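Asks: Sequence:
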Amino acid sequence: MSNKRIRSMKYNNDRQLQENCIDKEKKCNNRLDRSKKGNINQIVLHYLKNNPNLYMNILTYTPLEFDIVHNMLKSDGIIIGQQKLMDLFDDQV
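Quick note on the numbering used here: the sequence shown kicks off at 1 and runs consecutively.
Rather than coming from a laboratory, the hints here were simulated on the basis of the structure. There may be inaccurate statements among the hints.
Claimed, not checked - With a straight-line cut-off of 30 Å between C-alpha atoms, the simulated DSS-like cross-links for lysine-lysine are:
hint, residue 1, residue 2
1, K74, K84
2, K49, K84
3, K49, K74
Everything numeric in this text was worked out from a predicted model, so none of it was measured.
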């Protein structure tokens with residue numbers, strides 16, 4: 001086999017691997033998006049527990065600025081309305 005043909009085959013294999021990885025990533029993201037819609041409360045609670053500074057403030061009853069927490073969630077891709085977030089916090093008391 002010629003070097004050109006080998007390089008072409010290698011390029012095609014590499015490209016196929018990239019496409020497979022991209023497809024798997026899209027499927028994973030789609031699953032996450034669907035789960036976000038159904039389990040937003042669990043996702044928010046998980047986020048709070050896995051953010052050490054926020055969680056320590058919660059455990060020590062340190063007041064949190066609601067708007068700051070809401071914006072942190074939003075900037076990390078967790079979309080939840082303010083009223084729903086307030087209701088979630090109220091339910092956890």
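Asks: For which of the previously enumerated hints does the structure constitute a violation, in increasing order of number?
Replies: none
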